[in-house]
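Colleague: Letter by letter, the chains look like this.
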Amino acid sequence: MIYNAPVKDIRFALNALADLPAICALPGNEDCTVELVDAILEEAAKFAEGVLAPTNRAGDAGAKWSPDFSVRSPEGFKEAWQQYVEAGWAGLRAPAEFGGQGLPALVSTAAEEMWCSANLAFSLAPLLTLGAVEAIHHHASEALKAIYLPRMSTGEWTGTMNLTEPQAGSDLAQVRSRAVPAEDGSYRITGQKIFITWGEHDLADNIVHLVLARLPDAPAGVKGISLFIVPKFLVNADGSLGARNDVRCVSLEHKLGIHGSPTAVMSFGDEGGAVGYLVGEPNKGLNYMFTMMNHARLGVGIEGMAVSERAYQKAVEYARERVQSRAVGSPEATGVAIIQHPDIRRMLMTMKAQIEAQRALALYTAAALDRAARHPLPEEKARNQALVNFLIPIVKGWNTEQANEITSMAVQVHGGMGYVEETGVAQYYRDARITAIYEGTTGIQALDLIGRKTASENGVTARALLAEARATADRLAAAGEASLSANLSGAVVEAERCVAFILESFASNPRLAAAGSVPFLKLMGIVLGGWQMGRAGLAALSQQGQEDADADFLNAKLITARFYGEHLLPQVSGLAAAIVEGAESALALPESAF
Amino acid sequence: MKVLVAVKRVVDYNVKVRVKADGSDVDIANVKMSMNPFDEIAVEEAVRLKEAGKATEIVAVSMGVKQCEETLRTALAMGADRAILVETDAELQPLAVAKLLKEVVAKEQPQLVIVGKQAIDDDSNQTGQMLSALLGWAQGTFASKVDLADASVDVTREVDGGLETVKLKLPAVVTTDLRLNEPRYVKLPNIMAAKKKPLDKTTPADLGVDVTPRLKTLKVAEPAKRSAGVKVASAAELVAKLKNEAKVL
Ligand SMILES: Cc1cc2nc3c(=O)[nH]c(=O)nc-3n(C[C@H](O)[C@H](O)[C@H](O)COP(=O)(O)OP(=O)(O)OC[C@H]3O[C@@H](n4cnc5c(N)ncnc54)[C@H](O)[C@@H]3O)c2cc1C
Ligand SMILES: Cc1cc2nc3c(=O)[nH]c(=O)nc-3n(C[C@H](O)[C@H](O)[C@H](O)COP(=O)(O)OP(=O)(O)OC[C@H]3O[C@@H](n4cnc5c(N)ncnc54)[C@H](O)[C@@H]3O)c2cc1C
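Protein chains in written order, with UniProt numbering: chain X, 1 to 594; chain A, 1 to 249.
No lab work stands behind these hints, which were simulated from the structure alone.
C-beta: ideal position from N, C-alpha, C; glycine also.
Treat the hints loosely; a few may be bogus.
Here are the simulated SDA-like pairs of lysine to any residue, each with C-alpha atoms no more than 20 Å apart in a straight line [to be verified]:
#: 1; chain 1: A; residue 1: 20; chain 2: X; residue 2: 551
#: 2; chain 1: A; residue 1: 16; chain 2: X; residue 2: 556
#: 3; chain 1: A; residue 1: 32; chain 2: X; residue 2: 7
Here are the simulated distance ranges between beta carbons [claimed, not checked]:
#: 4; chain 1: A; residue 1: 221; chain 2: X; residue 2: 325; range: 29 to 37 Å
#: 5; chain 1: X; residue 1: 559; chain 2: A; residue 2: 182; range: 34 to 42 Å
#: 6; chain 1: A; residue 1: 32; chain 2: X; residue 2: 21; range: 20 to 28 Å
#: 7; chain 1: X; residue 1: 21; chain 2: A; residue 2: 18; range: 47 to 55 Å
#: 8; chain 1: X; residue 1: 408; chain 2: A; residue 2: 221; range: 43 to 51 Å
Partial chain X-side listing against chain A, Cβ under 10 Å, derived [what the hints assert, rightly or not]:
#: 9; residue: 7
#: 10; residue: 9
#: 11; residue: 33
#: 12; residue: 35
#: 13; residue: 178
#: 14; residue: 181
So that you can see chain X by itself, here it is in the shape it has in the complex (with noise of 0.2 Å):
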């Protein structure tokens, strides 16, 4: 199972859309360079192509659980992930005074796609690694910051996040794991904490878990959950490694996807507590977590992309071998090979198009977070952070709930092939379909989307790159490009209907705002990755004259930016309608009737 890492396209994005070179003159980011960007690019690939993705297809067998309540990874995986370890990628974007290279997150959310693609059940374990440190960065002691970054940073220790219990899964209100204090100022945890993701395995020494649990003393709800830091084995004054804590793994959870990545429910306390430590501030807990679940949402926007990336690539392997039918119109009878068929280019370009829009919205998203952390106009960081906030569920939505789409045409192209195992397209199929679940469902990034993001600051990211997408609709035309230029325009005037709807609903009757959320997260998705192709056209377009540019690669570009204005961008028009006018019959049906 051939990975082809997609760097030419990662490139573009990074340097025509994301702006690259600016994210590199950021105060902070002086190391980084786009030659440097180039170079990284190229060894991240030759890892994910040559140690990560050879991996993928044994991790589908699955991790396996032990009585003695430890779990071993699939085959290979401890290997890789020392490989990944010793070759430093472990600290890609990890602060640098602990031992990580603190790139930028434009940088390190380019090498992760490549990490997911390669190999996605696999690349949860650094994801959720660099999850930890950066909550402990921002907000623990710098004694915990001392004993626990510099191996989590370079990934001999690995991180998780304990957030869900059986009651408490998008509403973390309910959480009801306990932490006492101890006389020593450490705490005491109990609880059970469910779908922990690489919970316990065998791939490093010690696993540093992030638990969401209340004190004694909290107040109920949301401001009453406190975050801690319980290691599976405690940590000596001299760093080494001491007694087993009192948590563990007491079952993994059998999967639809992402069999390698161990789901483990953890048990605290069976034996009277486990050690915990207070991070920053009591019944702050939510709050912490909040701050890193723009890096978090981003990364699994990144995963169902990337995951998409890897089925179409199969999908277009199968396509050119698999020969049936004569051509549709000719007289030879003989067979083709069926991506000669107008219905396999039709899917083909439909999965192609809508990878490179997601790839770029994310890319663009993480330099907005890049400026959001290092611009050093005020006015600037706070606009780049209100960018940040209205696209990133956008982007872990609509890249997740297509990947499902995308991912399952994949398949479709395989026919009878795809829906049985043996050529690996449908452990594809099988493993995105997580990511539309975890780290926030679709139903709560679209809640998010329409309250936090929208109503409350009164629709003003919304229209002002609803704006940004007119412009570029604009240019379009200037360029010659009527029709994605139409398409584009079309699409814009829709969603700003949607907008003046969800705002004006969600202040008389959030129940209707609220019917259509997830519609209007697509819609948004659909318009703004059609902004992006539309920059991608322009920005193909002017690159075509220059001397050495790439004429094949900048060709494709702008033909696939003119395919999603012809098949993607309309598709907002149903969609709006279904937003502005649909509601009330979502809604109208009693409970009773169901």
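Got chain X; can you put chain A with the ligands on it based on the hints?
Modeller: Same frame as chain X, but now just chain A with the ligands:
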């Protein structure tokens, strides 16, 4: 001991090259370029010698267009200490490369030069041999094992009949074969560090070398397409065909 390695920028081994429409050359515009795989093995070997405490400094040299800098940065990321680019847009044939290397060797005074046995673009398999002749140094070509001592090096060579080990007096030239080692994956911190390692530039003129090609390319063409095979009914028929049609028996 100082070790010099030469690295060439070539079309990546995954790329299917196409012949230019006018038949003058292969088309390398916008295709992926990488370090010649045999040269990667050369760099890897030098780095291993350094890690084993046998080499003290590794100098990587490349000759060609400005973009060869990227190839040199890869060598630096793999573990070379410094790099030299002999920059020229001219077509470089093996003899010119060997002459350039000879001048670099005169300046740098390495005890060991490691180069790939050939480059995967023109497959010439000449530079190492020419260099050793120009320098008057011993040569150990097609190395599958290199055992370095203070004043000599044992090179196990892959030859048609199997393996042959030669003992060379230093200084010497070694050319690498595929089985010498497996090049490492470059480490991220080393990519970052490579940026800060010294990379000096010079030109053929500075080195006093005339690189004018001695050979002229007349025409470049795709290999003939393989014609369809035939099924034979029996072993006897196969033997007859091999004898009478293919004339290989
Ligand atoms: C493989 C896997 C790995 C995971 N990894 C981790 C991990 O590492 N750490 C961790 O803490 N958790 C993890 N999770 C848990 C994951 O984050 C939750 O499953 C997810 O947040 C959804 O919660 P839930 O399963 O309780 O679903 P529910 O919250 O019960 O949701 C069920 C349905 O109701 C909808 N819904 C719920 N509330 C609303 C609302 N207000 N409005 C509209 N719709 C609503 C949802 O969108 C969904 O469609 C993982 C889950 C899985 C399956
Ligand atoms: C679980 C399972 C059960 C099955 N049960 C049976 C059974 O009981 N009996 C039986 O006989 N068969 C059975 N089949 C076979 C099934 O009917 C075929 O897999 C199906 O018809 C598709 O054929 P294919 O797999 O060869 O795909 P292909 O024909 O190779 O199709 C591959 C792709 O190319 C497309 N394509 C092919 N030709 C054209 C064209 N001219 N124009 C446009 N697109 C084209 C297809 O739409 C598809 O997307 C079963 C298959 C499975 C997976």
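Colleague: Work down the list of hints and note, for each, if the structure agrees.
Modeller: Hint by hint, here is what the structure shows:
no., hint, result
1, A:20 to X:551, "holds, 15 Å"
2, A:16 to X:556, "holds, 19 Å"
3, A:32 to X:7, "holds, 10 Å"
4, A:221 to X:325: 29 to 37 Å, "holds, 35 Å"
5, X:559 to A:182: 34 to 42 Å, "holds, 41 Å"
6, A:32 to X:21: 20 to 28 Å, "holds, 22 Å"
7, X:21 to A:18: 47 to 55 Å, "violated, 32 Å"
8, X:408 to A:221: 43 to 51 Å, "holds, 45 Å"
9, 7, "holds, 8 Å"
10, 9, "violated, 13 Å"
11, 33, "holds, 7 Å"
12, 35, "holds, 7 Å"
13, 178, "violated, 41 Å"
14, 181, "violated, 41 Å"
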